[in-house]
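There are 6 protein chains.
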Amino acid sequence: MKEQKHIIELSKDEIINHFLLVNKIELRKTKTGKDFISFEFSDATRSINANMWDGIGNLNNEIQKGQVVFVKGIVDEFQNNLQIKISSVRSVKEDENVSPSDFLPKSKRNLKEMEKEFKDRIEKLSNNYLKELVSSIFVEENFKKFIKAPAGKSWHHAYISGLIEHTLEIIKICDLMCDFHSELNRDLLVSGAMLHDFGKTIELNYESSFEYTNKGKLIGHIVLAAMLIEEEAKKIKDFPEELKLHLIHLVLSHQGKLEFASPVIPKTTEAIALYQADELSAKVNAYKNTIKQGAKEGENWTKFIHLANTDLTKTNISEYREEKSSTTLFD
Amino acid sequence: MKEQKHIIELSKDEIINHFLLVNKIELRKTKTGKDFISFEFSDATRSINANMWDGIGNLNNEIQKGQVVFVKGIVDEFQNNLQIKISSVRSVKEDENVSPSDFLPKSKRNLKEMEKEFKDRIEKLSNNYLKELVSSIFVEENFKKFIKAPAGKSWHHAYISGLIEHTLEIIKICDLMCDFHSELNRDLLVSGAMLHDFGKTIELNYESSFEYTNKGKLIGHIVLAAMLIEEEAKKIKDFPEELKLHLIHLVLSHQGKLEFASPVIPKTTEAIALYQADELSAKVNAYKNTIKQGAKEGENWTKFIHLANTDLTKTNISEYREEKSSTTLFD
Amino acid sequence: MKEQKHIIELSKDEIINHFLLVNKIELRKTKTGKDFISFEFSDATRSINANMWDGIGNLNNEIQKGQVVFVKGIVDEFQNNLQIKISSVRSVKEDENVSPSDFLPKSKRNLKEMEKEFKDRIEKLSNNYLKELVSSIFVEENFKKFIKAPAGKSWHHAYISGLIEHTLEIIKICDLMCDFHSELNRDLLVSGAMLHDFGKTIELNYESSFEYTNKGKLIGHIVLAAMLIEEEAKKIKDFPEELKLHLIHLVLSHQGKLEFASPVIPKTTEAIALYQADELSAKVNAYKNTIKQGAKEGENWTKFIHLANTDLTKTNISEYREEKSSTTLFD
Amino acid sequence: MKEQKHIIELSKDEIINHFLLVNKIELRKTKTGKDFISFEFSDATRSINANMWDGIGNLNNEIQKGQVVFVKGIVDEFQNNLQIKISSVRSVKEDENVSPSDFLPKSKRNLKEMEKEFKDRIEKLSNNYLKELVSSIFVEENFKKFIKAPAGKSWHHAYISGLIEHTLEIIKICDLMCDFHSELNRDLLVSGAMLHDFGKTIELNYESSFEYTNKGKLIGHIVLAAMLIEEEAKKIKDFPEELKLHLIHLVLSHQGKLEFASPVIPKTTEAIALYQADELSAKVNAYKNTIKQGAKEGENWTKFIHLANTDLTKTNISEYREEKSSTTLFD
Amino acid sequence: MKEQKHIIELSKDEIINHFLLVNKIELRKTKTGKDFISFEFSDATRSINANMWDGIGNLNNEIQKGQVVFVKGIVDEFQNNLQIKISSVRSVKEDENVSPSDFLPKSKRNLKEMEKEFKDRIEKLSNNYLKELVSSIFVEENFKKFIKAPAGKSWHHAYISGLIEHTLEIIKICDLMCDFHSELNRDLLVSGAMLHDFGKTIELNYESSFEYTNKGKLIGHIVLAAMLIEEEAKKIKDFPEELKLHLIHLVLSHQGKLEFASPVIPKTTEAIALYQADELSAKVNAYKNTIKQGAKEGENWTKFIHLANTDLTKTNISEYREEKSSTTLFD
Amino acid sequence: MKEQKHIIELSKDEIINHFLLVNKIELRKTKTGKDFISFEFSDATRSINANMWDGIGNLNNEIQKGQVVFVKGIVDEFQNNLQIKISSVRSVKEDENVSPSDFLPKSKRNLKEMEKEFKDRIEKLSNNYLKELVSSIFVEENFKKFIKAPAGKSWHHAYISGLIEHTLEIIKICDLMCDFHSELNRDLLVSGAMLHDFGKTIELNYESSFEYTNKGKLIGHIVLAAMLIEEEAKKIKDFPEELKLHLIHLVLSHQGKLEFASPVIPKTTEAIALYQADELSAKVNAYKNTIKQGAKEGENWTKFIHLANTDLTKTNISEYREEKSSTTLFD
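Chains as they are written, first to last, in our numbering: chain A, 338 to 668; chain B, 338 to 668; chain C, 338 to 668; chain D, 338 to 668; chain E, 338 to 668; chain F, 338 to 668.
Any given hint could be a false lead.
Identical chains blur together in the list; that is why a pair holds if it fits in one copy or across any two.
Stated by the list, open to error - Only pairs whose alpha carbons sit at most 20 Å apart, straight line, appear in this in silico SDA-like list of lysine to any residue:
| no. | residue 1 | residue 2 |
| --- | --- | --- |
| 1 | Lys366 | Lys422 |
| 2 | Lys581 | Leu565 |
| 3 | Lys409 | Arg427 |
| 4 | Lys640 | Asn542 |
| 5 | Lys349 | Lys366 |
| 6 | Lys443 | Glu520 |
| 7 | Lys485 | Tyr549 |
| 8 | Lys361 | Ser546 |
| 9 | Lys342 | Thr382 |
| 10 | Lys629 | Glu520 |
| 11 | Lys581 | Asn551 |
| 12 | Lys339 | Thr382 |
| 13 | Lys625 | Ala495 |
It should be emphasised that the hints constitute simulated quantities derived from the structure, not laboratory data. These numbers come from a predicted model, not from an experiment.
Using the sequences and the hints given, assemble the complete structure.
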């Protein structure tokens, strides 16, 4: 796909020659009875409204939500918001080589690096039953889905490759906890961390937007992952029954509370470690992104955020930050 | 203090020549009307009941709860529990050099090492206002209390030097989160981690048992710490008002929810990180210790644990653990 | 097993020549230091304490909880309660043909009749996929467990064959709802009713008392049943994917709320019908039995019942009941 | 009233010659300052917006919400919704014999049949006190209200004659539970079922829409029914005090929980049976209707339903339904 | 009844010649098989255990819980608690003129004074409908019950004449609120205050202890009072319907929340005023008495109080109280 | 400021020559692309929308939210609501002597009278430590803020001088409770009442609208007041430590429950009295004002009020009120 300015960088009166993802398309009528088409487009940075007033022909039947189109037009302003006045719009051609998922938000981390970190950590598992089980679940076909999937629909790591980014954070936090507590079974805990949200690759559809699948709604990612582990463990000769129970328990209990949709709650030290590591990774990511996106220019507070049960602040205290940005825990 | 067998290592018919801490002392009467004294003693490993049937004289007025005594007697058994049949008991002499706190449970970590880790981390703070503030709060007199205090009365890190052990875990978890997220203000977050539970040195009494003080019950460690920061920051020339606000906010919100006694809930990314890091450190420690102490010999499950809302298991899966015990995240 | 008076029918000074189940066995000491053994025995009607003062030999090592023994002795009274003064006790011999489960409470309904009702209803399923799936799960080996299992540990239908009794009630209530509402998919709903608690045959141990298994605690009967359906459906050629989803959804959501340990909540009319039918059957059985067992002689109110959040009354209004006891809905 | 096409069957450009119920009427101004009238009309199938641009005269003072009018006009479309462009509108004449309640949604069951079922069941009550009491409350004047009332404002059985339909379902479920449990007092339970929601005839106004009355809001249908039973029982010679207490208890506790507005919770087996039967009937009806009305064309999921705490699915699995539609529990 | 030392004033070795109320009576056996009787006695100040070892004859059948007896004996001590060693005990004779309720705790306020205050306030009601209604409910027979009743079983004003004491406090608080807010309907609010807990005279039995009646448990004091107002208002010619609705609403909603067993919640300013005034009076009385009774000698904190959700302190700050004890709001 | 008609008294076609407060200002475009300015203005009685179509020049940059302007124009009507058609608007001049706070809603009570009541009550404090502490906090500069502040943003006493009005009500209620209960420490309780909400003078900004400050959001008025008492008490020689603890406890616990943002809950009788008095004053004020403002003309019920969890009624029962309006508790 050719380089193009991101929607977030556009300003009034700019010329549009863009590939964009269709979020909504609706045939409307002006007060005077004339048909026009109202769109919502998006790219990886944000969404924008657009109207096409002339020459709409049969476009509303040819173009559908979730599809990428090529748009020509100009940027306009309406009630303080930018929008596009479309002069023409067409479906993409196959050789233009664009896919809807190019227009979804993406992890800022380097994907190759994340893949390597993940595979290296599998290699380091020292219990052979667990290593074989984890490897069989992350076979190439599944791994491809895994590295693309978001970790959620909208709250945390809700972007392409968010799931692997989130999973890596949890693995590292769990490894740190194992350094503190020799009583923790590191192989078990890390395997549980790797698998805990794998069901999200089935629960969510993330081709052209992030939506729950029917399977996701009727069964849920937790039970989907548990079923998969049960199935794969049966294929491994002499997989220890008790080890399987504990691993499935980690996956089932990783949301920590019944009201968060875990059918059992943590009953082992590994299980509580996984739940709390998940919370830590998820909440910090969610707050960070909510503050970035949620506060309007010139205001220090976001609107009320239901999942945080408060508004959040972006008051700038960056002038009091450490000077040595490279300081880490381990230098 | 001389070496002596721990209570947890005693068996029936052993001879007792021990310094022990008095948890309870009560004058009772047998059915036949004879006076005897019933004690509960403890050392750092556990508690044990004891009875003194003869020669009690005026002992019940001389000896008090919270005092260390020297006990002679023999180990007996009653309804499947060991107890001590006392032949004599006396208060300790000054030159015997024992103190009640020697009989309280203690952190397994090396205290000198923890002190050094903590002081080194203060040194690494790069914001000078914060470094000065933190240093002024951890002046020698306060630091002495801090390194002795438990982190709680009974749930997590509820032992001598538990507070510094817990605080160090949180600092490291927070540093790891700062490695993941450059948006976090590392100095602010780490300073908040250092101070978040400092009020527990005032909230709790930990001389001869772990009890809340009146101040602890009527004000609570959260507000006590906030008042202290307010007071010390005023003494530092030009301490930035906004930085102080954010630091006090970290302390006030670190229990995460109003119903957990935080008067405000996290409204910054640093605040949510501190709350979740605290939860992770506290819960893993609490579950680990509850499982160690709570499951009876030959049973795989503890009794129902109210703070976990379930029973916990100690089913042994250690045969499936990694072989290389030294594996860490960073090798 | 020979006929013997039930514990509930015993009175003071009666001679005991009974097979009884051992609930508890404990070696104790009198104040004067003599060893004796304290038992709790039970049969299907209730439990009773017993003491053996003489000739205990090595009995406390030979006899274990969960075993049936033959007891000789006499009924005594202590603090208003009956207890047994044991003269001798021995393990049962193989040819005496008694099993611990004979001493557990049992459903009052005729088991053969219940088995027939259940199998007839399977036969009436008109969707062949569902009939094959249900039949494959209720193969003889599983059916044997199913017809013996209780529906719970203590609250409702907590007796041998309670699970099939409960399941039959729910099937009939669901069939009635299908008569009211032609929109309901009868085959799907009835199949869901049949399978909804099948996991309890794995979750509970009911050989000599009702206890959760490790699998029951770490995974739970809901997910255990879901895994089984997933596995069996895979073996049936062309089993419709969507039908399987809906059936698993029925099982997963049948406890109606996340906080009742369902990982998903009802999202179809069949699912809400199954949940509410389950509640109706369970609660009426639980209240009826609680009132029967819970109210002391001469008192009209039970103690406070936590699961009902109130005390319950057995005030007798039976003099105002219908005269024709055979009146039913359908005559 | 003459036959006319239902609103739900209309399509663009159809001619309107309809009696319709006025839900809303409002005088508005166009941007150019001209007055027009905006209506919302409804019939038993749904509601539709309508505008009258010309010749409005004094109509906005002559016509009121809750009144039936005769409308002429044509069906138009605006932003994907149909609406009516009115050419004339007038109040109905007395001899046109239409009433607002003809335009409210109605039970699909045959009313005569329901009346007969209900009266027959009263006849079958074998306790004469209860039969007399129930009969005195369902005297002709009250019965007329009862057979017309909806069972609620919007959630379940929220249509004309919904109350009797709902009550009959509960009676049948209760009768089935009495077949299972001989301990239940059938006459008492069925009488309680008959009376439990009678207060809704006072709590609701259902002449031209479903609204709470002042009495309904300040006292509520539960206490209104209890007062009525108290009053009527006093008129019956020797009505047993305890029987009255139990009957009033059934009515007061039938919403099952304090937070659902029952001032006492179920303390008898009959009371818990009535509550759970009520829940079963209400929820199945509510989910069924919500799914019918709530899912848009071409979508499988309704919007989020607050009272269900989820969205609901209408995914079509009807191809896997039983072939013999007449199968019932009892054939 | 003759003067006698209160139980709370007794000390070891004092001679007992007392009328006492029997709270419990139980026939027991010593380890050696001899029968004895164990009692719990009480007077208005507290309760005490007592044992009768000799000459018990048939006493356990002659004497019953709730009866007053004349006891001879001596005060003894057992495990730090006083108890009575009985030499003889007999039922009271009619001419001894003692009644069980003399032995229940009583309000510290002068009853005659409270009666006068209450009747004077009725006289000051200026709305004649309300004055007539209130007067008809407080007819002599009801008033006698009202001035004796406690306001509750154990939490607040749980003593004889506690109900009138509590009601008078609320009336005065409501009158003060009417002084602040002229919008409040004073007559309505004060009438509601007078009647709000009248149902407690029926809900509770307070002859020889404080217990709920069957009517109290199955219907509750709130609905009992509402029914009575409904009944009495019907007897008053032209009693305004709307006024009655508002008065019943005050009674029904006075516990403020559904989960506190009010079937409707406050929907008028008078209703919220009554609820909050009730809370204020109840809580202050409850905390005051709990602190008085709950803290052990030498300790500053009560045990955990469930209804307060905390422990309470009696730390003595009386040295910092005002010197002029007569200071009031109005001097 | 000159006299002018209040917004609430305006009607269509009236001429506007008014000082008004700017709540919102926004530059918009008509459909035809012409710029206009949309305002929301307010005075102490209510708000009104306004549009300026011509001659807008650079006004949108000159005028800002929170400023007072002088407006000329005419009252217009749009969709049943009045709005202003502006002909000119200009900023106020300094000598016009108007301030934004003149346009905020105000207490109906006489401020001088309230100031005198408050100061007189301080004078009556008999404990000198408390009197000195309270006086030092209410020094002139703070008192000025205190007498202007609202007690909240929108729920109760949400108007200029609402805080002192609310505080005085609580003081009087507390004094009345002290008359009932001699155990209460009057000086302590009244001092706590005076200080309990003082932190709101810092938590809120009330210059041109009622908004939370950053300090208010990040720390909250409860801890702000506690810090201030701590600081001021330190300046008073020999201020008794325990007295300070109890006073700070009153402030910290005055919202009564953790979930209402009190970091500790009431543990003394004074603390529970203060919490309940606060509730009584706040709720009655809130309900009264909500009913006044919330019910539309001709309707008897407000919309659903979330903080009351119900709708409220203004049904008129004033014809049944007392005739003697001067009746008070004390005549």
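Could you tell me which of the hints above the structure violates, numbers in ascending order? No numbers; nothing is violated.
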